[in-house]
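Protein chains in written order, with numbering that gives the first Met the number 0: chain V, 0 to 157; chain X, 0 to 760.
Honestly, the hints are just simulated from the structure, not real lab data.
Being a predicted model, the structure only gives us computed values, none of them experimental.
Heads up, a few of these hints could be off.
[Claimed, not checked] Once the Cα atoms are required to be at most 16 Å apart in a straight line, the calculated EDC-like pairs of lysine to aspartate or glutamate come out as:
id, chain 1, residue 1, chain 2, residue 2
1, X, Lys571, X, Asp601
2, X, Lys133, X, Asp51
3, X, Lys119, V, Asp20
4, X, Lys119, V, Asp80
5, X, Lys559, X, Glu497
6, X, Lys667, X, Asp51
[As the list claims (entries may be wrong)] Far from chain V, by Cβ distances over 10 Å, these chain X residues were calculated:
id, residue
7, Ala395
8, Arg429
9, Phe454
10, Gln500
11, Pro682
All residues carry an ideal CB built from backbone N, CA and C; glycine is no exception.
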Amino acid sequence: MSLLIETTVNGDQREFVCEADETLMDALRNRMSLTGVKEGCGTGDCGACSILLDGELVCSCLVLGAEAAGRTIETVEGISDGDELHPLQQKFLEHAALQCGICTPGFLVAAKALLERNPNPTEEEIRYGLAGNLCRCTGYDKIVRAVQAAAVEMNGES
Amino acid sequence: MGNDTKYKARTFRAVGTRPVRPDGIDKVTGRARYGADFSMPGQLVGRVLRSDVPHATIKKIETAKAEALPGVKAVITAKDLPDYTDGDEELYAVLDNCMARKKVLYDGHAVAAVAAVDEKTARAALKLIEVEYKIHKHVTDVDEAFKPSAPVIRKDCFTTGVKPRPKKASNVSACSEFGHGNIKKGFKEADVIIERQFKTGQTHQGYIEPHACVGSISPDGSGDLWVCTQGHFVYRQMCSQLLGMDQSRLRVTSSEIGGGFGGKTHIWIEPVALALSRKANQPVKVVMSREEVFRASGPTSATSIDVKMGVTKDGRITAGEATLRYASGPYPGSWAQLGAMTAFACYDMPNVKTTGYEVLVNRPKTTAYRAPSAPMAAFAVESVIDELAKEISMDAVDLRIKNSAQEGTQSSYGPVYGPIGIGATLEAAREHPHMKAPLGENQGRGMACGFWFNFGGQSCTSLNIAEDGSVTLTVGTIDVGGARASLSLVVAEELGVEYEQVKTVIGDTGTLGFNEMTDGSRGTFASSMSAIVSVRQAIVQLKSRAAQIWDIPVDAVEWKDGHAVATGRGAKNRQPLSVADIAASAAKTGGPLAGHAQIVADGAGVSFATHICDVEVDPDTGRSTILRYTVLQDAGKAVHPTYVEGQFQGGAAQGIGWALNEEYIYGKDGRLQNPGFLDYRIPVCSDLPMIDTQILEIPNPNHPYGVRGVGETSIVPPLAAIANAVSNATGVRMTQVPMSPPRVLEALDEHLAMSRRRKRA
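One chain only, chain V, in its complex shape:
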């Protein structure tokens, strides 16, 4: 059964058709071409498909497309302000917080949610705040440092 879903994605009113059993991750990737949402596992273990749903951090592979009706979605594609990168994006680049980059969209979304909730996180709070996102390349060191640096910049301390 196909459903017509109306939703808001990265600030735009969007409509998409999806099957009743289709995940929001598949709908975002295949129906709206938002392939910044990555599939690493499909079981909510890796966080590569992380998005904000009404401001809440979720794995989009664990949400049905139909559940997006009338709600607000933010993906990695919506993080920057036009051609102005978000401080997290900028710091990820400067600190080389990515190697292969497949986990990066999920980390950026999760880190944004973390800093919105807690603008001054300790290292431990960052590590636990990002523990739902797997990275196999970096050992997380440079990711944590990038988030710390972004927090400093967003708090106007630099």
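On the provided structure of chain V, position chain X as indicated by the hints.
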């Protein structure tokens, strides 16, 4: 100049700086296109049916019902992949692994595949395929498979490398031996001898991006493959061979790669996608699920290793012997051989012998994983060295320094070393503040060394200068973690232009000659060498064009700081010409400006590292927490130091996972019980501390800038460094990884019971 690629000391201007990588912006904005992000108009969805039994003969595969399902465009089995391997046993194993021919050999082995209009139909079709099996006994444990009484997986497997050739088939496909001196004599000279047995679990590379590709074969038999891979030229070679095509008829384009670590040096779904496309006459996209990635791709060997070493009271290692049994999956491999070569490679051993046995098991075909086979051998040897140090009351670092290999040492695997960094990393470790930091209760410090060969091989690059003087370098090696930044730096350095003026791109297989894969830590080493030769070819062109513009002899033109400079009498009133100046008049002086290189990058300098690690072990739960971690490694010359650090940190983190948590767990039924990231637990952010790094630079004499590969060595020492730390924290020697909480708890309980018994006695 030209093709002379020997090292020459120089002061660097661009190399060694840390600019933002050129591909970074697309990766932080979601634009970067990975394997599963590519789509073709009219593409079908391909899915693979996999065996749920570990060892069986395929009696019958019934596909008619699946074929009749509306929306199904093709169903294939091994029949649709005829054997073009022409007696090449290794290639036949790849073919058989991509689609089982007569027998299924592990849980997850592909038996059929479908292409359908959508995912739902493809899944439904898989359920309609009926496979009839004749079940055989299976064996998944390396030690069990090694026994003469084990079920024999291949009736045609007679151990090679032993004399006389065995008359009875077994699961031991090959035996290899390395060493020199006389170990009997060596052990006689020892004051202390330690002998231990070790075991390591099977781990997966754990890249976050599952394998994905789109294959398209046109009615004229030519084809395209878009794929995430560590080596698109090698994928072209293997896929075209398996499909019976000329290599040039198949163009392979690599996507961005979401991690590989050796796991994307091998083909699985790619020939299947192409065969489906050939049958359906439409493009077919195949993406593995995470469960398929675990069950059917990747893993490294599970191992069982015996080590015996002897030392004199004053700390001279007199002899070392190791017997290594490495599981290779159900096909012959050479993984134990690599373990046998690397085991004692850090040390100057007068008497050394290693024997490697390749063991067949009903598990997925073993694939390379970052410094393949070395971490397990290092775990065993470095653990024994720590015990030797304790026995003779010598500091563990000092004992290693006293016995470390140096320039001129004959390595345990044969060759004599050139300038190497093992001694330097050990000296740096001894002086590192980490070594002197205080430790608390239940905490221990461990250290260990690691070696990896590094590899060079064939590379081909093209440098093209645009009309405005900006530069494109096209390479054929995949960028797995920042190589495009490093290669742009090298071009900027050699040509004398700004980093921002250079863009490095990865060409498809139609644009360049053959390039070997990004493996063996060769990507930056080999392609930077080729890039330097390309730049030098371009400079010859640039100078000749400047000579034409100035109407002076070409030997009166020099290349300096990115400019053609007139010398001698011709220099008068002639301002230096930039790349842009020369490019602007290219049309009048001979056409486009380019430099091309094809090389065999010989002389990848061997690589060494020393790691230091602090661990706290919870005596109630057996959980080990990494408190502090330091990596010291020789990079030859760090082209982009931040990404070199990243390689050091990433390898250490993977090693930590291997040491503490990661392991394939098979049930008695021979099926994998943990094919997902929940139960196969790789380290998460909250598991790890910051990972400190120290880059040493001992130039490789065989690279113009002294570069060595840096990618792999960092995964070699962690297993042993952590085992030594756990041992120092608890007083219990751990001989099996992963040192998971239940395993550590069991060892602690046993130790406690034993010391109680001793007290009573």
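- prompt: CA of Lys559(X) to CA of Glu497(X), is that 16 Å or under?
  reply: The given pair, whose Cα atoms are some 14 Å apart, holds under the 16 Å limit.
- prompt: Is the Cα-Cα distance between Lys667(X) and Asp51(X) 16 Å or less?
  reply: holds (13 Å)
- prompt: Per the stated criterion, does the least C-beta distance between Phe454(X) and chain V lie above 10 Å, as a non-interface residue requires?
  reply: Label holds. Min Cβ-Cβ 20 Å, cutoff 10 Å.
Whether Gln500(X) stays farther than 10 Å from all C-beta atoms of chain V, as the label says: holds (19 Å)
message: For a C-alpha distance cap of 16 Å, please report whether Lys571(X) and Asp601(X) respect it.
response: With a Cα-Cα distance of about 43 Å, the restraint between Lys571(X) and Asp601(X) is violated, given a limit of 16 Å.
message: Run the distance test for Lys119(X) versus Asp20(V): straight-line Cα separation, threshold 16 Å.
response: holds (10 Å)
- prompt: Is the Cβ of Ala395(X) more than 10 Å away from each Cβ in chain V?
  reply: holds (24 Å)
- request: With 10 Å as the threshold, tell me whether Arg429(X) passes as away from chain V on beta-carbon distances.
  value: holds (24 Å)
- prompt: Given the hint that Lys133(X) pairs with Asp51(X), does the C-alpha gap stay at or below 16 Å?
  reply: Holds, because 13 Å separates the two Cα atoms, which is no more than 16 Å.
- prompt: Would you say Pro682(X) is clear of chain V, with no C-beta pair closer than or equal to 10 Å?
  reply: Non-interface label on Pro682(X) violated, nearest chain V Cβ at 8 Å vs cutoff 10 Å.
query: Holds or violated: are the alpha carbons of Lys119(X) and Asp80(V) at most 16 Å from each other?
result: With a Cα-Cα distance of about 37 Å, the restraint between Lys119(X) and Asp80(V) is violated, given a limit of 16 Å.
The earlier numbered hints that this structure contradicts are 1, 4 and 11.
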